[in-house]
Structures are given as structure tokens and as C-alpha cells.
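Order-wise, the sequence lines are chains A, B, C and D. So the first sequence is numbered by our numbering: it starts at 226 and just counts up by one. So the second sequence is numbered by our numbering: it starts at 226 and just counts up by one. So the third sequence is numbered by our numbering: it starts at 226 and just counts up by one. So the fourth sequence is numbered by our numbering: it starts at 226 and just counts up by one.
If you're looking for bench data, these hints aren't it; they were derived computationally from the structure. The model shown is predicted, which means the values in this text are computed figures rather than measured ones. Incorrect hints may have been included.
Said to hold, decoys possible - Taking lysine-lysine and the DSSO-like style, the derived pairs with C-alpha atoms no more than 30 Å apart in a straight line are: (1) A/K383 to D/K383; (2) A/K355 to D/K235; (3) A/K355 to A/K383; (4) B/K469 to A/K469.
As the list claims (entries may be wrong) - Some chain C residues well away from chain B (every beta-carbon gap over 12 Å; in silico): (5) D273; (6) T326; (7) E348; (8) K355; (9) R409; (10) S431; (11) E492; (12) D543.
Where is the CB? At the ideal position from N, CA and C, for every residue including glycine.
There are 4 protein chains.
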Amino acid sequence: MKALMKTEAKEGLELTEAETPRPGPGEVLVKVKAASICGTDLHIYSWDEWARSRIAPPLIIGHEFCGQVEEVGPGVEGVAPGDYVSAETHIYCGRCYMCRTGRAHLCEEMKIIGVDRHGAFAEYIVVPAKVLWKNDPELPVNIAPLQEPFGNAVHAVKRAEVGGKRVAIFGDGPIGIFACAIARRLGAKAVWLVGLSPRRLEVGKSLGADETLDASAVDPVAELRRLSGGRGVDVVLEMSGSPKAWEEALRSVALGGRVVAFGLSHERIPWDLNTVVFNEIEIVGVVGRLIFETWYETRDLLAEIDISPAVTDELPLDDFEAGFGKLFRREAVKVVLYP
Amino acid sequence: MKALMKTEAKEGLELTEAETPRPGPGEVLVKVKAASICGTDLHIYSWDEWARSRIAPPLIIGHEFCGQVEEVGPGVEGVAPGDYVSAETHIYCGRCYMCRTGRAHLCEEMKIIGVDRHGAFAEYIVVPAKVLWKNDPELPVNIAPLQEPFGNAVHAVKRAEVGGKRVAIFGDGPIGIFACAIARRLGAKAVWLVGLSPRRLEVGKSLGADETLDASAVDPVAELRRLSGGRGVDVVLEMSGSPKAWEEALRSVALGGRVVAFGLSHERIPWDLNTVVFNEIEIVGVVGRLIFETWYETRDLLAEIDISPAVTDELPLDDFEAGFGKLFRREAVKVVLYP
Amino acid sequence: MKALMKTEAKEGLELTEAETPRPGPGEVLVKVKAASICGTDLHIYSWDEWARSRIAPPLIIGHEFCGQVEEVGPGVEGVAPGDYVSAETHIYCGRCYMCRTGRAHLCEEMKIIGVDRHGAFAEYIVVPAKVLWKNDPELPVNIAPLQEPFGNAVHAVKRAEVGGKRVAIFGDGPIGIFACAIARRLGAKAVWLVGLSPRRLEVGKSLGADETLDASAVDPVAELRRLSGGRGVDVVLEMSGSPKAWEEALRSVALGGRVVAFGLSHERIPWDLNTVVFNEIEIVGVVGRLIFETWYETRDLLAEIDISPAVTDELPLDDFEAGFGKLFRREAVKVVLYP
Amino acid sequence: MKALMKTEAKEGLELTEAETPRPGPGEVLVKVKAASICGTDLHIYSWDEWARSRIAPPLIIGHEFCGQVEEVGPGVEGVAPGDYVSAETHIYCGRCYMCRTGRAHLCEEMKIIGVDRHGAFAEYIVVPAKVLWKNDPELPVNIAPLQEPFGNAVHAVKRAEVGGKRVAIFGDGPIGIFACAIARRLGAKAVWLVGLSPRRLEVGKSLGADETLDASAVDPVAELRRLSGGRGVDVVLEMSGSPKAWEEALRSVALGGRVVAFGLSHERIPWDLNTVVFNEIEIVGVVGRLIFETWYETRDLLAEIDISPAVTDELPLDDFEAGFGKLFRREAVKVVLYP
């Protein structure tokens, strides 16, 4: 089969022929219909420090996808060929303390699709049945792969408890943009998106932000204070991982407010502890999705929210370089590839 | 009256004669029976950067105290001469958004006794009736002033939700030590105190720590991992404000665990964001005491917990230099002064 | 001044001349601009068992109002003649355990305007300054009195935590109707209103219910199961106090769901304990409004939600009999009187 | 093998020979070492209405047990012959909405050991591997079966959030008695046990109750008010299911307090709705154990709490009639049978 692979320990990816996999016990073979590119895929392409420490070539990458079940391995129940599915990316062990206490998304033995095992930028993928999700049959093929990153945003917004609150989102990547739509639907009083890309801020506005702030042009702290009538924002969703955004987030958030930490950083953040203490700020780390609570919530939300404006590019897998290029240049929001 | 005062904008304090104050409308005059020295008082003594920016001499300092009501100003109800009282240090306005939504301890117009108005290291003090607390008549005079810092620890431990949990406390100051006793009484599975002073760690053990770790002699992260069977501690109470402690706290806390931020730092903390995100850690800033919920809880706890081992020194106000000296040299835990 | 009064211990009310009151210390005199009729006023009019046990004639009734400050008593700060105000109906003592722990709405010494002291169906009313609320200047005079019952609904909906949830509201009185609008604005996935009056159900639909169910025509349990895809509703707001509604609520709510108890009943409810236990249902009693958290939330919500369809009748105070009559016959939702 | 069975649809049980079962795929065969009698077993013995509607003879009953793994079926990982195990009684499906959202103890397709399939009052039992729990090797054989009912109490006490609280427990059955020990260990300010059997109240006191109240001799409401200084108890654990206890619970609990509903009743409870509403009481239904969070908590607690006083009787399986008899006459707390 055709597959997009990190074949060697260096920059770039290669479109190659790979052997079509077969499902083992408890596994399922899925014919991939569409798969979208995630920031993680960009790190692997670039072969940055994180990628070098984590990825063992040869590896087919890609983890946001949808497809049709082709074959079911031994011992699998409740799944049948023809089912229209996506998958939770985080393969939990089911036996560790975290898995057995309802927090499988923090599994101590986590394996990640397209990182620790072959991924979805290929004609076929094999995944354990336990991470399969049966898609709403109405969900378009170019939207279904986005359930995974949209689910990140759902999980983050739920932890922010936005109902009736003034919400600021730092970071205009896809997940920040999705968070605008979700916060609005879940009853935020106001949603203000802070970012750096006029194009992406515009998509954020079309998806639900009341106002957008270009952090290269205005002072987000002053603007958020003004917009919130001086009190500061009730919750911040920090989705950029930038030290500057953290500085601004802690100065923008109201007394007793909450900051959801989602964006990652490869450096330490110089962190203003005293503001956290004196203002009794809560900081809540959020990763992945609740398995499968977030998927049910995602299904409900995508039945109402049209995120197609975030799908800025759709390409055959063969044109993957064009898609990766647009993302590296921040010209795209989400790129969907068709194998 | 006799009063311990910052008379000039320089290091040190002066024991002087001051005019005995009179209670205005809504105020109460209290004859001070005992007052204890807080870390804040050390900052004011030293005249460090924070003190220089906040304190306007001449000022009588001191805010942890108990005494007897001597006179009641106009419009005060429910308080009478002879009442045995202490006071919440944080004078809230009662009219701002935070006060009107049940969070007066985060008042936007907060004034602090002994910082923004005359304090308790004197024969008499005037305080607004609204911050008075009627002490349990059984509470010894040398313990009643400690309700204020003990209350800090109560508020912090309550936010840590310690029941059944493995708890690490970083910081062997008085509040860290009190937190040991409180966490134990509120049902922690285990309480481990991390500090630097063998003397204070010993007091912590006598008050309820299961184990103490001298961070200058052992690696707290390795020890806490070992003590918790590899899983890490469920909650950390960070009461030191040290960058090293923060580093260790984030590496010691379990997946999905909580860190209560109480200790202050005048520098930025180089903060490991990725650990917060990947491990879904919650960080909860805590300051002061809930007004007056924490005082009720403090009353309940002090009816059972004997914190007298933490009162290492009791001196007449005239010997204040000896008390401050012992605290600067970390030879004392709490010093109580008698005017 | 003109005043609507329960003059004698019997059915009915009398429009009489009363002495214009003067504000004492801590009090404020308000010239009433508008006042709306509450269900409590109907009980007092009818002189039912509850009214007989609680009300001591002569008493001016009415507690939902707005007006202009006319005169300020001694010791009042932050209020001035001309201010456009309403008031929290529950006069809390400020000194009991509940008041001092942030739950003044459960004050142990509560006095209620128009029940325990003279009310607002008059040209003037005196209220303690501490319960005054400064209205948004944009808020219409016929809406401002409704902040009080609307606030009941806000408090109840907040306790229901409706974001993303399927919500059923039992009871088509004004508060059930307001709850539809609030639940929708705070992000409910769906809002289903169950009631008995086609007229009121229609108002509920115009204010935000997705579907309405006439409990005299259909089986609400079957319908709610169907609408929720078999799973049951995530939360019920029980605002009727009827035994039949409680029976249906417990059979409609999902496993692990929540029922907010707001409606009152003068009889015992035959309650299906086993369903509560086996399905781990949470039942949450809700009364009044959080003082003043709910008022801030109400201000935010009324800046966006138009509840004027619920004001079905506006009358001069002289025509009070017409207004009470319509409410007794359930022909009106809210009736606003102008003194 | 020897097995205690409901052979026919009538009162009583029969000790018979049964075929030793074999483990199917995903199952495990356990040699039973000890098994304790639960209230459910008494219902099945008596053949009451519930039993007649639920139990299909022939059925081996019993579900609280421990034993040694004898044989492992196909596809089972992480379990080996010789393991010392007990089991979660509730066999969850793993595929329904509740299971997939972290609430397997509320599974929509629940099967119960000893109720819906053969149980543990036999020499051998087959259980699905997914419900197995590996016991602490130090845990005595006569205590290990009690993890299941003790776990009920753990789950209930955790939901009560007892740290620093005044706690009343209604019901002096084994689970009420265990709850005394757990509430004490998890930091309750005070634990008061209300019951009817002097013998059982005494066991409750030996396990941690501060005071016990014989509801046939004193008025629990008056006593609980007195013990709590007039304020009422902060939380009630209702573990009796009796209408009288519910009446007393709602009148004993403080403003804003919580009642955990655990005890079952075959009749409707005449329920005082207005008290729930006016006092903003929370009622929280609790069933089973969190799978497996409660089991970890149970392990931690039983490493410290000695519940052997609750094991009042230990008998060979052959003497089952003696054990059941003592329980029917309320002369025993827990009876352990050895096959």
C-alpha cells in the first residue's frame, strides 16, 4: 500500500510502498478515507529535538483520520467490516493505576498512533479495537479526522467551565480556533481570541470569537482588561505555549480565575508565582481527551457546529509536501489528505 | 502607650511611646495580650524591596494577636468590652465585586493590619469590628495569635483535599509545620515534610509528619517517589517559594495531582510547563484565609491539636530584638511577644 | 402614601393610605417605580395555611421591585439619592454562621421583604442599604423587578451545570420559563419544558425551550427518553413541587444525573429512594439567590436575554385585583404593577 | 464440588454437589478460601419479592469472597495461577455509555456475581478476569471478602467529603459500622452512629464512632442537634433505608448540608421536599464501588484499620444455617464461611 513514512533519521518524509498490515488479536484493519495533519506531524517532519528523542524510523506517521473497517482480528466484539470509524490516538494499557481509576488518557504505559506505532497517512491502518470510535454516519469525511484535535479543545474548554464566563484564548492554531466555537456553544459570556496570524484570527472570528486581538499589534493585557470592564477575564485557555502569552495570561486573568494550560513549550516558562498566589489563580493542565467522554461530547458539538471553515486545504496524499509547506508557513489551519 | 514601630525608612524597629488610639465608628479598641511575629514583620524589619515599596513610616507593625475588647466605637453591634478576641488581618471593603461574591479574602481594596494601618505590637490596637473574631475562651493566650498563620495552613490544606491522599509539604516554616498537623487531622494517608532546618523538621514530626526529608541531604524527588510506591504524591503543598522546591514539586507529584501554591518568591520561577500539561497537574494559588469560614475550621482544629511545640519562644515586647534575631537565624519557629 | 396591604387576618388585600416611611440607620428610602407579583403574594392574598402562620397584619406586601433612591439614612455609604435600584429580598443578618461563611442566602435569622417587614406594593419602601442592588441604567423599569425571580432561575440553572447537557424543566411558572432562557444561554445541549398551560409553554418556547411537553396530554417520561435517545436527561430542574413531577423527574433523569429541587410542596412527596440510590442521582435543593453573585450573573444575562414576553400584563397599582385574578386563573405569566 | 445453592423457587438454600466450572475466554477459575454473607444473600434465602423477581434457580449464591487463582482462560493477561484475589461483584459490559465515560459501576448492562451468575459459596468460582482484584498478600483471609462491603462504605464516605465535618451515620449494619471507621480515618471532626442494636452500636464505637445513639431510646434529632452545638450535622450517611431515619436525617442535617443515600427501601419514602429546598440540602445517591478507584482506597484503608471486630462469626460452609440464622436475628455483624 501507499504510505507516508519517516524512513530515515533526518528531516522530511517519504511517500513509499509499505506492506498492508493485518489485524492481530483485538485489532482492526481500517481503510483510511481521510487524515489530517497535526502539529506533531510537523515536529516529526522537521526532525526536531523532541522527534529525534521519540521517533524510531521507519514509521508511518499521522493519527487524525477516519475510514472504514476492512477486517476484524480475533476476539474483537461489537465492530464489523463497513463500520465508519475514527480512533482515539492514545492507546491506553487498561491495567495501570490511572487506567483502572477512570483516567486512561493519563495511562502510565501510553502508546500513541503515528508516534509509537504505524499511523494513518497510508491506505490502511491497524488499530486496537478498544480505541475505535464509531462515527456519526452524517459526519463528513473531511471533518471526521478533526474530531481528534477538536476533542482536545473540547476537553480543555470543559475544564475551563465557561458557562457565563468571560473567556480569553491565547493561541490561534486549530485548537485555539476550535475552542472559540466550543466556548461559545457551551455558554461563555464572551470569547476573545489572542493570536498572531490575521488569517487565523479571522477564522476564529467566523467560528465564534466575539473579538480577536493581534498580539503583535495591540497589548492583549490592556485590551482584555478593557473588554472585561477592568475585572480581567474569568478564564484563560492558554494554547500557545509561549512565555509571552503566559506572562499576559497571568496578568489578564481575574482574581480567583482559572488558566487552562494546553500549549507546550520546550523551554522553561519564567513564571510569576506571586500573582498566582496573591490572586488565587488556578492553573489546570490538560492533555488529550477523556476516553471516551470527550468523544461523546465532540459528537454532540459537531452535530451543531460547522467547523468546515477550519479545513483550509484538502489534498491527495501524493501532494503532502504542499500541505506541510502551507502549515509551516502558517498559511493553512487544517490540511486534510486523501490516500 | 508602648509600641513597636518602624519610625524611619531604614532597617530595624524602634520601641517608642505612641498615643493610645480611640475607636471610630464601626471600630473597636483592643488591649493586646499577646502578639506573634510573622515573616512579613521580618521583611519590614529588614526594610527590603517589598517593604520599601509598601510601608509608609511611622507605622506600628504586627498583625497576629489576641486581646480583650476595651472600648467599642459608635455603630458596633455584637461586641462588648471584655470579649476575648483576635482579628482577621485582611480588612476587606465589603463593597467590591469580590467581597459581594463571597471572596472577601481577595478584596480589590484590601488593607492589612500592621502593613497599611497600625498593628498589634503595642499595648492597644484599634481594628474594624467586622474583622474581629471571638476566641474560644479555652484558647491559651500564647496560642490565640497563632490562629492567623495556622489559618493560612488550614485554608491551604482544605484546598489540597487531603483525605486519603499522600501529601508532601515543601517548606519547614511555621505554616508548613502547621500544615503537617492539619493534613494529618483531616485524614491524609501520609504526610511528608521537606525542609532544610533539622530543628524545624523535628517540630514538624512532633506535630504530625510521618517522615521528614532534609532537602540538603537527600533528593526529595527520589525519596517521595520511593515513599509513595513509585506513583508520586497525590498533593503537594508548596510553602517555600523556592525555585528548587517548585522543580522538585512538579517532579514529585502524581499524574493528575495537585500542587497548592502558597510560598512567595520575589523572582520568576523557571517553570516546567510541559510536565504540568502532560501530567494534567492542577496548581492552586492560596492566600490568606476564607473570611470567616477558615476561622471556624481553625477553632475546631485547635480544640484538638496542640501546637504549643511550635511556640519556641515567649518574650516581653521589650526584648523584641532577641525574638527577631532568633527568627532571622531560623533558630525559632514562632515567637510570641507580650506588651 | 398609597399602599397595598393585608390589613386583616383574612382573604384579600386592601389598597389604603399608609404613612410614608423614613429610613433609619443603615436604611434607604426608595420611591417605587414598578413592582411585580410573585407566587408568595398570591399565598398571602389567599390567606392559606402558610400565610396564616407567617404573616402578621397590617403589612404592606410585595418584594419584586425597582425604584429611585429618595433618601439615605445615617451611616449608609455608597448610595445616593437618584440611584436606580432594586433589592435582594432576603435580609440577612451578617452575623450568623451561614452569613460569615459566604452563604448569606441561608442566613439563620433571615427576614423577608413584604413578608416579615413592609414591602414594595406602595409609593415608597424602606430597605436596608446592604440588600440594595444598583440596576444597569439600561434595564427597563418593567423588567428590573423581575431580576428577583429571574435570579432564582439563574441560581437554580447554575447549580444544574447545564453546559453541553440535555436539560428538562418541570414547571411552566415564570421561573421555569426563565430557566429555559438561561439554560439555553449557558450552553445546554437541549432544553425541554414540561408543564400544563399551553399559553405558558408557548412563552417558554419563545424564550428558549427546544421542545415543550404538555404533561396533561403526553407522558413526559416517555417523551424525554425519546428526545434524549433513550439515555434520559442529564439534569432536571424541578420547579413545580408536584408529586407527579417528582415521580416523572426521577424516572426521566439519566444514570448519575442531577435533579435541582426548587419547587415547594405543602405535602410530603412519596419518593422513590431506590432509584436515587441505584442510579446515583444527585438532588440539589436551591433557594433564593446567591448574595450577590447571582445578581451579577443576572445583570450579565439580562443584558442579552429579552424576557419581555414574560411580562404579560402591566397595570396601575389601583387595578391590582385584575392582576391577581389573572394569575390565580393562570392567564398571566408576570404582572407588573405601577404605584 | 460443594456449593450452597438456591435450588428451587422457595425459601431456604441447599448445600449440594455441583459441577466444578471451567474458565471460558477472558475468565478465571478461583479456589474459594473464604466468603462472607451479605444482606442480599438474606433476601435470596428468604425468597422475598425482590428475590423472586430477580433470581433464576438453580443458582449458587454469594459474592463477597477471596481465593486463589486455579486456572486462567484463553486471552487473559496479567493473572496467574496462585494469585491471591477477590473480585468486584459488578460485572460491567465495558461497551455502554456509562462504562465508556468512567462510570462502569453504573453500567447499563450490569451482571452481578451470585445474583445473575453463579457465586462464591462453593469450592470454586469462575469470574471474568476484568473484575479480579489482586489482594494485598498481608490481608487476612477472613478480612479479604469484606473488601466488597467495606468498599461500599468507602465509596459512600468519599462522596460525603467528611474532612473536618460533623458526620452522622444512620444504620448500624456492617456498612454503617465500617463507615464509622472510614469517616474517622478520613478526618471527620466527629462521627455519630445512630442505630437500633446495642450490640452493633458497640462494635461501631469500637471501630471509630465518637458517640452512638440508640434510636429506640433517644430522639436522634435532638441528640444530633445537641452534639453539633445546635447547628446540625454537616453530613449524614443514610444507610438504613428507613422512612423514620430519612425523616430524622433531613431534620438533623445543617443548612447547606449533604445526605448520602445508600440504604434501600421497598416502599416510597414520604419525603419532606420543603426542607430540602429551604435548607439547600444535597442528596447524593451512592451504589457499589468505583471500579477500581474504591478498591485502591480500600487497600490503603485496610492496611491501617482493623475491622476484625466486625467479623463476629466464622463457620464452615456446612454450618451455613447457623450463620444465616444469627444474621436474621441481628446477633452477628459479619459471618465468614469457609468452603
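So, going through the hints one by one against the coordinates:
1. A/K383 to D/K383: Judged against 30 Å, a Cα distance of about 24 Å means the pair holds.
2. A/K355 to D/K235: violated, 43 Å
3. A/K355 to A/K383: holds, 24 Å
4. B/K469 to A/K469: holds, 23 Å
5. D273: At roughly 35 Å from the nearest Cβ of chain B, C/D273 sits farther out than 12 Å, so the non-interface label holds.
6. T326: violated, 4 Å
7. E348: C/E348 clear of chain B: closest Cβ-Cβ about 29 Å, beyond 12 Å.
8. K355: Non-interface label fails for C/K355: nearest chain B Cβ at 9 Å, not farther than 12 Å.
9. R409: holds, 24 Å
10. S431: holds, 31 Å
11. E492: holds, 34 Å
12. D543: holds, 37 Å
Of the numbered hints given earlier, the model fails hints 2, 6, 8; all others are met.
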